[in-house]
Amino acid sequence: MNEVDEFIAAFKKEEDIYSSWGELVRQYIKNTLAEKRMDSILKIEPSCRLKDISSLIEKAFYRSKNYENPYNDITDKVGVRFVVLLTDDIPVIKDIIENSPLWEYSDDRDYIKEKEDKPYLFDYQSVHYVVRNLKCIPVSENIIIPDGTPCEIQIRTLLQHAYAEVSHDSVYKCKAKPSSEIKRRMARTIALMESTDELFLLAKNELNKSNEKIEQWATYSISMCHKINPSYDEKIKDKILYHIINVYFDVLTDQLIEKYATYFEDNEDYEQYFTERLSSDYISGFYIKQSAAIIFCLFMAEKRTQIFKSKWPFSENDLNEIMLIMGKQ
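Position 283 (the sequence shown) corresponds to 283 in the UniProt record's numbering; numbering is contiguous.
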């Protein structure tokens with residue numbers, strides 16, 4: 001039996017072991033993400049795959065890799081891939097990998113470090129780890145995973161994944177040697193991909209800041225509403241509240257939120273006064289009375305009267321009733 005036949009025989013004998021180890025790694029990371037309530041960052045179902053035997057043979061014997069022991073030296077006989085949305089999601093999975101008690105890991109490829117070392121080079125981007133179990137793992141009566149069994153883990157963004165798929169199918173598998181022009185075009189797509197990811201991140205961060213601001217106003221509104229209306233259900237999404245906050249979003253300054261946070265404390269009679277008015281027929285609009293938006297509206301009617309009136313999104317009758325409660329015309 002020659003060296004290639006021995007390699008094939010060894011892999012066929014152990015492929016169930018590698019397959020089981022890859023699936024265990026995949027499931028462990030996926031479950032840990034779920035426990036952290038971070039599984040939403042996964043945009044493609046994590047996949048586990050055994051390397052095709054022909055690809056293994058080519059890598060081991062025909063790519064001038066000069067392995068001393070090809071079977072033991074090749075660490076991606078089984079691989080698991082995680083695809084996330086943007087680059088700021090990658091550290092979440094890296095942290096799980098680097099802190100698992102099940103394995104030791106090696107950081108085999110980190111494109112972020114590669115960019116720092118070679119800032120002018122635009123090349124394939126992906127984070128690669130190899131993990132090896134610290135103890136043997138019994139899977140079934142016939143399958144025991146020996147300690148030190150390698151599994152490669154890849155982490156990519158959707159954009160990086162798209163590039164990898166195109167380059168693998170169109171360039172890597174191509175029988176013809178890619179020309180300099182083709183290589184240049186592929187490098188340009190990576191540069192464009194990096195720019196796109198950066199712009200997405202900037203937009204995402206701005207949206208997150210806006211959401212935090214809106215949630216802060218909503219939280220104060222709900223808290224005060226519950227004081228004057230104990231039947232208010234905090235668990236129900238208050239669409240009216242969020243709509244009205246968005247209408248006035250541009251004028252909601254940091255100074256204004258400070259006043260809103262202590263609105264009842266600074267005006268001791270308001271809590272009882274509002275309770276009495278809202279339990280009567282002072283406001284006929286049922287949708288306003290039942291929403292925590294009513295507190296926000298009363299506050300804005302008092303503190304930013306003209307802006308409140310000019311941006312009011314609903315009926316003039318509802319506006320006049322709110323203004324009347326605050327003694328405004």
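These are computed hints drawn from the structure, not numbers from a lab. You may find that some hints are simply not true.
[Claimed, not checked] Straight-line Cα separation of at most 27 angstroms, DSS-like style, residue types lysine-lysine; simulated pairs:
hint, residue 1, residue 2
1, LYS30, LYS204
2, LYS209, LYS135
3, LYS183, LYS209
4, LYS289, LYS303
5, LYS59, LYS239
6, LYS289, LYS311
7, LYS237, LYS204
8, LYS183, LYS237
9, LYS51, LYS227
[Stated by the list, open to error] Computed beta-carbon distance windows for the label pairs:
hint, residue 1, residue 2, range
10, SER106, GLN216, 39 to 45 angstroms
11, ALA10, ILE214, 58 to 64 angstroms
12, ASN99, ASP52, 46 to 52 angstroms
13, SER140, ALA9, 17 to 23 angstroms
Computed from a prediction, not measured in an experiment: that's the story for all the values here. Glycine included, each C-beta is placed from N, C-alpha and C at the ideal position.
Hint check results:
With a C-alpha separation of about 24 angstroms, the suggested pair LYS30 and LYS204 falls inside the 27 angstroms cut-off, and the hint holds. Using a Cα cut-off of 27 angstroms, the hinted pair LYS209 and LYS135 is violated, with the two alpha carbons roughly 45 angstroms apart. For the suggested pair LYS183 and LYS209, the alpha carbons sit about 39 angstroms apart, so the restraint of at most 27 angstroms is broken. The suggested pairing of LYS289 with LYS303 holds, with an alpha-carbon distance near 20 angstroms, which does not exceed 27 angstroms.
Between LYS59 and LYS239 the alpha-carbon distance is near 58 angstroms, which puts this suggested pair outside the 27 angstroms criterion. The straight-line distance between the Cα atoms of LYS289 and LYS311 is roughly 19 angstroms, inside the 27 angstroms bound, and the hint therefore holds. For the given pair, LYS237 sits about 23 angstroms from LYS204 by alpha-carbon distance, which is consistent with the 27 angstroms threshold. Simply put, LYS183 and LYS237 have alpha-carbon atoms about 51 angstroms apart, too far for the 27 angstroms limit, and the pair is violated.
For the hint linking LYS51 to LYS227, the alpha-carbon distance of about 62 angstroms lies beyond 27 angstroms, and the restraint is violated. For SER106 and GLN216, the Cβ-Cβ distance of about 44 angstroms falls inside the hinted range of 39 to 45 angstroms, so the restraint holds. A hinted range of 58 to 64 angstroms holds for the C-beta pair ALA10 and ILE214, which are about 59 angstroms apart. At about 32 angstroms, the beta-carbon gap between ASN99 and ASP52 misses the expected band of 46 to 52 angstroms.
For SER140 and ALA9, the Cβ-Cβ distance of about 22 angstroms falls inside the hinted range of 17 to 23 angstroms, so the restraint holds.
When held up to the earlier numbered hints, the structure conflicts with 2, 3, 5, 8, 9, 12 and fits the remainder.
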